[in-house]
Structures are given as structure tokens and as C-alpha cells.
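Asks: The chain contents come next:
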Amino acid sequence: MVEAGFFERNQQRLAPVVLLAPALIMFLVFVVNPIVQSLWISLHEWDGLSPPIWVGLSNYRELFDDELFYVSLQNNIIWLVLYLLALPAGLAVALYLNQNVLGIRLVKSLFFFPFVISQVVVGLVFSWFYDPSFGLLAKLFTGLGLEPVPILSDENLVTYGIILAGLWPQTAYCMILYLTGLNNVSPEVIEAGKIDGAVGWRMLWHVILPQLRPATFIALVVTVIGALRSFDLVAIMTGGGPFGTSNVLAYYMYEQALFNYRMGYGAAIATVLFLIMDIYIVFFLTRMLRQERRGG
Amino acid sequence: MSMRKIAFATVLGSGLAAAGMAEAGTIIFNSNTSDPAPKAAFETAIAEFEAANPDIDVKFNVFDHEAFKTAIRNFLTTEPPDVVTWFAGNRMKVFVDRNLFEDLTPLWQENGLDEKMASSRSAMTIADKQWGVPYAYYQWGVYYREDLFEQVGVTEPPKTWEEFKEVGAKLNEAGITPVTIGTKFLWTAAGWFDYINMRTNGLDFHIELMDGKVPYTDERVVKTFENWKELIDADFFLANHANYSWQEAQPFLYQGDAAMYLIGNFIVPQFPESVADKIGFFQFPMIDEGIPVGEDAPTDTLHIPAGAKNKEDALKFLSYMSEAGIQGELNAALGNLPPNKEAPVPEDRFLEAGFEMLADAAGLAQFYDRDTDPEMAKIGMQGFQEFMVKPDRQDAILERLEKARQRIFKN
Amino acid sequence: MYPAPIQTASPAARGLYKASLPVALVVWLLPLLAVMLTSIRSLEDINQGNYWGWPSEFDLIQNYSQVFGATPMARYLLNSLIITLPTVIGTLIISTMAGAALAIYNFRFNILLFAMFIAGNFIPFQILMIPVRDLMVDLGMYDSYYSLIVFHIAFQAGFCTLFMRNFIKALPFELIEAARVSGANEFVIFYQIIVPLVRPALAALGVLIFTFIWNDYFWALVLVQSDEVRPITVGLSALKGQWVASWQLISAGSIVAALPPVIMFFLMQRHFIAGLMLGASKG
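As you go down the protein sequences, you meet chains A, B and C in turn. Numbering that gives the first Met the number 0 puts the first residue of the first sequence at 0, with every later residue one more than the last. Numbering that gives the first Met the number 0 puts the first residue of the second sequence at 0, with every later residue one more than the last. Numbering that gives the first Met the number 0 puts the first residue of the third sequence at 0, with every later residue one more than the last.
One should not assume that every hint holds.
Across the chosen pairs, the derived CB separations fall in these ranges [as the list claims (entries may be wrong)]: (1) A:N32 to B:E346: 58 to 66 angstroms; (2) C:V194 to B:D54: 55 to 63 angstroms; (3) A:L48 to C:L266: 45 to 53 angstroms.
Each computed DMTMM-like pair below joins lysine to aspartate or glutamate, with the alpha-carbon atoms no more than 25 angstroms apart [claimed, not checked]: (4) B:K315 to B:E47; (5) B:K92 to B:E109; (6) B:K402 to A:E146; (7) A:K138 to B:D256; (8) B:K409 to A:D153; (9) B:K212 to A:D46; (10) B:K164 to B:E42; (11) B:K222 to B:E109; (12) B:K308 to C:D137; (13) B:K389 to B:E374; (14) B:K409 to A:E154; (15) B:K308 to C:D133; (16) B:K389 to A:D46; (17) B:K58 to A:D64; (18) B:K389 to A:E146; (19) B:K409 to A:E66; (20) B:K212 to B:D127; (21) B:K212 to A:D65; (22) B:K68 to C:D226; (23) B:K389 to A:E44; (24) B:K308 to C:E56; (25) B:K402 to A:E154; (26) B:K38 to C:D58; (27) B:K277 to C:E56; (28) B:K169 to A:E61; (29) B:K92 to A:E44; (30) B:K228 to A:E154; (31) B:K68 to A:E154; (32) B:K212 to A:E146.
Honestly, the hints are just simulated from the structure, not real lab data. Please read all numbers here as calculations on a predicted model, not as lab measurements. By construction, the Cβ of each residue, glycine as well, lies at the ideal position given by its N, Cα and C atoms.
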């Protein structure tokens with residue numbers, strides 16, 4: 000083996016470098032680098048046309064004195080928390096549909112449908128649904144002898160109304176994840192559970208759910224990402240209104256940067272949002288690493 | 000190479016060509032006229048121009064109207080086209096201040112536009128130079144159901160504030176909402192502010208306020224809000240208006256649940272046949288008779304970016320678009336008024352009424368979100384919407400607007 | 000199987016279950032049915048506020064032919080495909096490579112790099128907007144298919160690398176060790192052992208990425224501007240005019256726009272399920 004070439008001798012070290020290079024370079028150039036640039040922009044005042052002016056931390060100082068920022072921040076937290084309802088909802092639907100009857104494949108596919116249509120359409124349909132004069136919800140309320148509630152123009156209800164619309168496709172997504180997870184639950188474990196006398200809820204809680212942990216994890220990941228993409232629905236359903244009360248940070252940032260042409264201020268909002276996300280990132284990483292150690 | 004690959008390569012190739020530079024003799028025209036009628040109207044005008052100038056090709060890119068507002072900043076600074084659509088007022092000033100629009104004073108002089116477009120000249124002038132060519136403008140005013148007015152015993156549209164409030168009271172008595180409005184996208188509320196402010200304090204004060212020279216906490220602005228509050232307190236406006244876009248607020252008018260709509264003339268093509276001939280138009284009522292009358296008349300314009308590659312042909316195109324003939328044709332299709340006074344006003348009772356009203360006006364404003372700084376406009380309109388829902392927050396709202404004004408206009 | 004197969008339940012319960020399925024389906028898809036109904040409504044109906052009632056007239060053919068005839072919808076559809084397919088393929092290739100590198104090899108910055116890819120998932124992508132647009136202009140890719148393809152590949156690499164890395168990590172490592180012992184070099188191992196084994200994951204991920212990219216609106220707005228390259232999402236919103244939103248046309252267009260991912264999902268369903276199942280087997 001003396002004659003072995005450089006490559007053969009070092010291939011275990013070289014292979015990961017070569018395999019990683021394309022993804023890493025792309026990621027560094029188009030994702031990491033722009034983040035750094037955005038942080039830099041957040042220290043400037045820039046309208047996108049004239050040269051940027053260095054203002055140090057004044058964008059951040061203004062941010063912490065900005066009512067709408069706090070409204071958006073609060074809504075973001077509500078979004079992140081309530082969006083997680085997609086997990087139990089998705090699990091419930093998955094349990095309901097995990098049967099072998101004629102046509103069930105088609106039914107499952109149709110249940111997944113909301114996830115593949117664009118958020119523009121989802122937002123639109125739910126706006127119609129909530130319409131306090133012509134909407135289905137209003138018809139329901141008047142049918143019950145109640146006064147229709149104008150969900151999307153009520154400053155206290157609007158965010159919940161939008162989140163509900165978002166939960167529709169997100170539940171479909173979680174459902175698919177859980178359906179695949181349920182397929183993967185080993186029959187032996189179920190049998191063992193039965194022998195131990197686990198039935199109903201106890202079976203679900205103590206036997207099935209631990210088995211579904213990987214599906215839950217992925218569902219959690221995509222749901223948190225989905226909560227961040229809340230942007231589309233807010234933009235379509237309310238544009239942040241009424242008077243800014245349904246704003247979320249992503250939309251507020253977009254509005255500042257693109258409608259008010261304040262790139263620096265927008266970048267500062269995005270930075271704060273990014274910092275909040277770091278909490279989740281740390282959570283996922285620690286969980287992943289713990290799993291690694293257990294597995295390895 | 001399989002057929003599929005060939006097809007794919009061809010498509011990819013054409014995409015690349017589209018991304019490349021335009022050859023000489025081509026004008027790239029980026030436009031925000033995404034509605035079917037305006038788009039078709041421009042396509043016709045371009046076809047005629049190309050027929051008259053066989054050596055020039057016009058590449059017509061239509062953008063979604065909202066998306067255009069963002070996109071124009073991108074392409075003006077990066078890859079400027081040769082002609083763009085835009086708006087008069089502060090919107091134009093933003094780009095003129097940053098040297099992104101070409102000075103079109105020579106074009107105005109050569110084509111005698113100072114004379115032919117006298118009414119729009121001031122809207123196109125910054126520092127004694129003209130920076131664009133207006134192609135259309137339209138009036139704002141109150142569109143109302145004549146049959147509903149008759150039903151409650153009103154025979155003449157109101158001319159004064161007192162009459163206006165009286166009409167509202169009568170309508171409310173009959174269970175009809177006096178005014179429909181959808182403030183979801185905010186700007187409709189600004190129409191009310193513009194008019195009440197112009198009628199209360201006059202056009203000059205209004206423009207000073209738009210330019211950030213007067214505090215929002217000024218007692219004159221407070222007076223405007225108090226007048227506005229009279230209507231809110233008298234239940235003039237559609238409940239839940241924050242829920243609706245301007246378009247979604249229309250059915251109330253058509254179904255007879257509401258009687259009036261303060262809106263721009265672009266609503267006219269929307270009237271359903273069943274009610275179209277029952278709808279009339281009147282000028283926003285006077286509040287203080289002594290004050291010269293100002294009106295909102297937003298003007299749509301064409302410009303040549305300073306970085307355009309084919310300015311020579313772009314100038315030809317703009318002179319063509321300023322001619323009376325083409326402006327008449329274009330606006331007949333758009334349902335707007337031609338800025339060139341030699342062009343015929345389209346035969347339409349609303350446009351004719353609007354034309355007369357604007358001709359008699361002491362001066363014209365462009366509309367709140369075109370007259371003031373974009374950020375101020377956003378914050379201001381949010382405040383107007385909030386005020387219409389929670390009038391008791393008036394002081395807090397005005398203070399917030401004032402805080403924004405001081406920051407934005409740096410004084 | 001959990002819950003217990005309905006076949007083991009009483010005939011009454013079985014009947015009830017089967018009867019409940021279509022009802023649940025209709026309720027679940029009610030919003031979608033409304034879109035479909037809207038896509039065959041007349042504009043007059045919509046302006047009158049008739050969103051949920053029976054259409055006063057059926058304009059099915061008129062609306063759909065108008066979508067294809069009066070708008071460049073066919074062009075947008077093609078553009079969406081031209082953008083989406085290379086993106087899916089490119090993303091799968093580079094993330095399989097990166098995933099394998101992170102799953103198989105131990106090197107100093109392994110966890111750090113992995114963490115970086117994960118972090119990439121959580122980025123509110125508005126933060127990238129301004130710099131990415133400027134970058135594309137500098138690279139001469141602005142307003143071409145390449146800008147969207149390249150950016151989407153780069154951005155999706157985060158999620159896909161996370162997914163592939165976990166999937167490959169769950170494969171039996173003995174296979175790789177056995178191949179090494181028999182003298183295969185690392186790239187042969189990657190190509191001949193890893194790639195065939197991850198095929199189900201690739202199918203699943205492919206469908207997922209396909210939907211993400213297909214429905215992207217934000218970046219299409221930022222990175223391209225001419226009709227020749229715009230995908231269908233932006234095309235759809237261009238149907239929404241300045242003053243007039245022709246909801247019946249937008250609905251018809253939405254149905255058209257939704258078809259490819261739906262067809263994709265139906266065709267690939269087995270792969271999708273199988274892949275996700277394996278992918279989720281170790282998180």
C-alpha cells in the first residue's frame with residue numbers, strides 16, 4: 000500500500016469536502032452572506048435609491064419605541080403557539096383516516112389537497128368565509144339568531160381568524176406526516192401494549208405517541224417554518240389591518256422596506272425576528288444532538 | 000437530442016434572450032396597467048405607434064399594479080427600461096430628486112404641451128422643469144343611488160355640509176346606510192380626509208400639510224377631524240368597513256343597503272346593468288363657502304428613466320402619446336379624462352360631469368397617498384382608518400401622526 | 000395497525016365510518032369547493048356579494064377559456080415548470096451529497112455545518128430580499144430563469160440537507176463499512192450504495208420541494224419582471240388588476256395553478272408515503 004496515491008490515502012478526509020462543496024458554497028453565497036449584509040444594512044438609513052447613511056443603532060432604538068413593533072411581536076408569539084395546534088389536529092385526522100376501506104387512498108389525497116394550493120387562494124377563500132355580510136360564517140350566525148362578528152376588522156379577533164385559515168393547510172401537512180408515521184408503527188409494539196392492558200387513550204399516549212416521535216419532530220419543524228410564512232396570509236387577508244393590529248414581524252418588515260422604502264429599519268425588524276428564531280434553532284439542535292448521542 | 004430536450008433548450012434560450020439587452024430600435028416599456036381594459040388600450044396605442052414607426056419595436060411589460068410600486072425602484076436603479084408609467088405628485092418627486100427621471104422640458108416645448116396640457120403642467124413641474132407626460136386623469140366625487148334619495152324624499156344632491164348631514168339622517172331613518180366604504184386597504188379613508196380637509200381648510204393648507212410643513216396637531220387639522228367625527232357619530236359609514244376592500248364594499252350600493260360612495264371614477268365600469276342608470280354623481284359638498292374649491296384628480300403619467308438606453312426612440316414614443324388624437328382614443332378606452340385639452344372628452348355622463356367640475360376647480364390635488372411621503376401616507380391612512388372605527392382615539396391618533404411627520408420630514 | 004382496523008368493529012360502526020368519510024371530506028374541502036364554484040361564476044355575481052350561493056349563471060367555459068385566451072397563463076405555466084423542475088433536481092443532488100457528507104463522515108465542523116443548514120430553515124426570508132436582488136443583478140441573472148433556479152436551490156438546500164442527512168444517518172452503517180473493507184472508494188460508495196438507498200427519500204422530498212417552489216410568490220416578485228420568465232403565482236396576481244379583481248378568473252387560474260402539484264402528488268403518492276415513512280424513522 001506504499002504506492003497508494005494521495006487520493007486513496009486521504010479520501011476519507013477529501014470525500015466530505017467534495018460532497019459538501021456545492022451545497023455549502025451555494026448556501027454561503029445566497030443565504031449566509033445576505034444575512035450578514037442585512038445586518039449591515041440595519042445599521043444604516045437607506046431608501047434603496049440614494050447611498051446608505053450610517054446611523055449606528057438608531058434603527059433599533061426607534062424599534063423599541065414603536066407601538067406597532069410590539070403589536071407585531073405579540074402577534075408573532077400568538078402565531079407560533081397557536082399554529083402548533085396543527086399537530087394534534089393533524090394527528091386526529093390521521094387517526095381517523097388510517098383505515099383500509101375502499102377509496103381511502105383517494106380520500107387521503109383529497110384531505111391533503113389544501114396543502115398544495117397557494118396561500119393566495121387560501122387567504123382569499125377564508126376572507127369570503129368571514130365576510131360579515133355575505134360570508135358563510137355570517138349566515139351561520141344569523142341562522143342561530145346572533146349578530147355576525149366581523150372577524151377580520153375586529154382588532155381583538157383578527158389574528159386568530161388568520162391563524163385559523165393557516166391551520167387548514169398546515170393540518171393537512173401534519174396529517175400526511177402522521178399517516179406515514181402510523182404506517183411505520185410496528186405491530187409487535189401494539190401487540191405488546193395490548194398485552195400490558197393499554198387501550199384507547201393510554202395506548203395512544205404511552206405506546207403510539209412515542210413511536211410517532213420522529214413524525215412529530217418533522218411536523219414541529221415544518222409548522223414553525225409555516226408560522227413564519229404567515230406573511231402571505233396576513234398580506235392577503237388584512238394587509239396587517241385593521242390599523243396594524245394583525246401585523247406580524249415578517250409583514251411589518253416587508254411593509255417598512257417595500258412600501259415605506261426604509262430598508263434599514265426593515266432589516267432591523269428582520270434581525271429581531273431572526274434572533275427570536277434562534278431560540279427555536281437552539282431547541283432543535285439540542286434535541287437533535289441528544290438524539291445523536293443516544294443513537295451513537 | 001430528444002424532442003423534449005430541444006423544446007427545453009429553445010425555451011431556455013428565449014428566456015435568456017428576454018433577459019439580455021435590447022437592440023437599437025427597441026423601446027422597453029414597463030407599465031402598471033394590469034387591468035384588462037387599460038392593458039388593451041395601451042396595446043392598441045402601441046400597435047398604432049409601431050405602424051407609424053416601422054423601425055421601432057415596443058416591448059410592453061405589464062406589471063401587477065401593486066407590485067409595480069416596488070419593482071420600479073428595482074429596475075430604475077439597476078436595469079432601467081426606456082419608458083415607464085408612474086404618477087404625478089410626491090411619487091414623481093421621489094425619483095426626480097434622485098436624478099432617476101429624464102428632464103422632458105424640451106419635449107414639452109417642442110410639442111406645445113405648456114399650452115395643450117396647461118391644467119396638468121403644475122403637477123408635472125419641479126424646479127421649473129417638466130419631468131413626465133400625463134396620459135390620463137380622473138375625478139373623485141360622490142356616486143349615489145338616485146332612486147334611494149327619492150325614496151327618502153331628497154330631490155337634489157346636497158351642496159352644503161348641512162344638507163349632506165340632513166340627507167344622511169333621512170337615509171338612516173329609512174334604514175339605509177348613508178355611505179358605503181371599504182377601508183381594508185386604507186386609501187379609501189384618505190379620500191374622506193382629503194375632501195373634508197380641503198373643504199374645511201382649503202387646498203393650500205392641504206398641500207402644506209402634505210409637504211410636512213404643518214403639524215398634524217394643528218387646530219385646523221383638529222377641525223377637520225371634528226367635522227369628520229360629526230359624520231361618524233351620525234352613523235354615516237358602513238359598519239365593519241375595515242373588513243372590506245373598496246371593491247367588496249360595492250355590493251351594498253348595488254343592493255340598495257347603502258346610498259353613497261365617495262370614490263374615483265374608476266368605479267363606473269363596475270356598475271351592474273341593473274342599477275347603472277339609477278346611479279348619479281355629485282361634487283363633495285362645501286363646508287366653508289368662502290374657501291376656494293380644491294378637488295382630488297389623480298394623474299397617471301409616462302416618464303423616461305435617466306438611465307434609459309434608447310432615449311431617442313422613447314422621446315418619439317412620448318411625443319406620440321401626448322398627441323390629442325391618441326389621448327382621446329386612449330382615454331375613451333380607459334374611461335378617464337385626457338390631459339391634452341384638444342382631445343375630446345369621452346362621451347360619458349360621469350366623465351362629462353367630472354370634466355366640468357375639475358375645470359371649475361380652483362386647484363387640483365393628486366390624492367393623499369400620491370401627495371405626501373409614502374411612509375407618512377401609510378401611517379396617516381392607518382390613523383384615518385383607526386379614527387373611523389374608534390373616533391374617541393382622535394387625540395392619540397393625531398399625536399402619533401405628528402410624531403411620524405416630525406421624523407419623516409425632519410423638523 | 001393503529002387505530003384498530005375498522006373491519007374488526009361492529010357492522011354498524013363500520014357503516015357509520017364509511018358514511019362519515021364523504022361528509023368529512025365535503026366539510027374539509029368546503030373552502031376549495033367555493034373556489035371551484037367561483038371559477039364558474041360571473042363577475043356580476045361576485046360584485047353582488049353572491050360568494051356562497053348557487054351561481055346565477057355558469058361561465059365555466061367562458062372563464063377558463065378567458066384565463067388561457069386573454070392572459071398569458073399557458074406561458075406562466077410553462078415558466079413555472081422551467082423554474083421548478085431544475086430546482087427540484089438541483090436541490091436533490093446537492094443536498095444528497097451534503098447530507099451524505101454530514102451523515103457518514105466525522106470531521107471537525109460537522110455539527111457546526113449541520114447547525115448552519117438547520118438555521119437556514121428558520122430564516123424569515125424577507126431578510127434576504129435586498130441583498131439577494133442586488134447580487135443577482137451583479138451576476139447578470141436578474142430577470143432570468145437562472146436567478147430563481149439558483150436562489151431556490153441554495154435556499155432549499157438547508158431543509159433538504161437536514162432531511163437527507165437524517166435519512167442517511169438511519170441507513171445501516173455496516174453497508175458502508177463492508178464496502179470500504181472490499182476496497183471501494185468513497186465516491187463509489189456514495190454513488191453505488193447511498194444513492195440507490197435514498198431513492199424513496201428523494202421521491203418524497205422531490206414532491207415536497209416541487210410544491211414549495213411551485214407556490215413561491217415572494218421571490219418571483221423580487222427576482223424577475225418580464226412576462227417571458229414569470230411563474231404562474233405572479234401571473235395569477237397580475238390577473239388582480241389595479242381596481243378590478245376578477246375573482247372568477249383568479250379562481251379559475253388558481254385551479255389551473257394547483258393542478259400540477261396535485262397530479263404530482265397523486266402520481267407519486269406511494270413514493271411520497273414510503274419516503275416520508277423512512278425519512279421519519281429516525282429524527
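Asks: Please go over all the hints and tell whether each is borne out by the structure.
Replies: Status of the hints after comparison with the structure:
Between A:N32 and B:E346, the C-beta spacing of about 59 angstroms keeps the proposed range 58 to 66 angstroms intact. C:V194 and B:D54 have their C-beta atoms about 56 angstroms apart, which keeps the hinted 55 to 63 angstroms range intact. Judged by the Cβ atoms, the range 45 to 53 angstroms given for A:L48 and C:L266 holds: they are separated by roughly 48 angstroms. For the hint pairing B:K315 with B:E47, the CA-to-CA distance comes to about 13 angstroms; that is within 25 angstroms, so the pair holds.
For a cut-off of 25 angstroms, the pair hint linking B:K92 to B:E109 stands: about 23 angstroms separates their Cα positions. A hinted pair counts as satisfied when its Cα atoms are at most 25 angstroms apart, and B:K402 with A:E146 does not qualify at roughly 38 angstroms. Using a Cα cut-off of 25 angstroms, the hinted pair A:K138 and B:D256 holds, with the two alpha carbons roughly 17 angstroms apart. Taking the CA atoms of B:K409 and A:D153, the gap is near 34 angstroms; set against the 25 angstroms cutoff, the hint is violated.
Restraint check: the Cα-Cα separation between B:K212 and A:D46 comes to about 21 angstroms, which is no more than 25 angstroms; the hinted pair holds. Using a Cα cut-off of 25 angstroms, the hinted pair B:K164 and B:E42 is violated, with the two alpha carbons roughly 45 angstroms apart. Distance hint between B:K222 and B:E109 is unfulfilled; the C-alpha atoms sit about 46 angstroms from each other, more than 25 angstroms. Proposed proximity of B:K308 and C:D137 is supported: the alpha carbons are some 18 angstroms apart, at most 25 angstroms.
The hinted pair formed by B:K389 and B:E374 meets the criterion: a straight-line CA distance of about 22 angstroms does not exceed 25 angstroms. Our distance criterion of 25 angstroms between C-alpha atoms is broken by B:K409 and A:E154, whose separation comes to about 31 angstroms. For the hint linking B:K308 to C:D133, the alpha-carbon distance of about 20 angstroms falls within 25 angstroms, and the restraint holds. Taking the CA atoms of B:K389 and A:D46, the gap is about 33 angstroms. The hint is violated against a cut of 25 angstroms.
Our distance criterion of 25 angstroms between C-alpha atoms is broken by B:K58 and A:D64, whose separation comes to about 47 angstroms. For the given pair, B:K389 sits about 20 angstroms from A:E146 by alpha-carbon distance, which is consistent with the 25 angstroms threshold. With a C-alpha separation of about 20 angstroms, the suggested pairing of B:K409 with A:E66 holds against the 25 angstroms cut-off. Distance restraint check for B:K212 and B:D127: the Cα-Cα separation of roughly 21 angstroms lies within the 25 angstroms cut-off, and the hinted pair is therefore satisfied.
Restraint check for B:K212 and A:D65: the C-alpha separation of about 23 angstroms stays at or below 25 angstroms, so the hint holds. Taking the CA atoms of B:K68 and C:D226, the gap is near 17 angstroms; set against the 25 angstroms cutoff, the hint holds. As the CA atoms of B:K389 and A:E44 are separated by approximately 34 angstroms, the hinted pair breaks the 25 angstroms bound. Proximity of B:K308 to C:E56 is assessed by CA-CA distance (about 50 angstroms); at most 25 angstroms being required, the pair is judged violated.
Our distance criterion of 25 angstroms between C-alpha atoms is met by B:K402 and A:E154, whose separation comes to about 23 angstroms. For the proposed pair B:K38 and C:D58, the alpha carbon gap of about 23 angstroms is at most 25 angstroms, so the pair holds. As the CA atoms of B:K277 and C:E56 are separated by approximately 24 angstroms, the hinted pair is consistent with the 25 angstroms bound. Under the criterion of a C-alpha separation no larger than 25 angstroms, the hint pairing B:K169 with A:E61 is inconsistent with the structure, at around 48 angstroms.
For the hint linking B:K92 to A:E44, the alpha-carbon distance of about 19 angstroms falls within 25 angstroms, and the restraint holds. Taken as a hint, the B:K228 and A:E154 pair is honoured in the structure, with Cα atoms around 20 angstroms apart against an allowance of 25 angstroms. Taking the CA atoms of B:K68 and A:E154, the gap is about 28 angstroms. The hint is violated against a cut of 25 angstroms. Note on B:K212 and A:E146: the hinted pairing is violated, with a Cα-Cα distance of about 45 angstroms set against a maximum of 25 angstroms.
Against the hints set out earlier in the document, violations occur for numbers 6, 8, 10, 11, 14, 16, 17, 23, 24, 28, 31 and 32.
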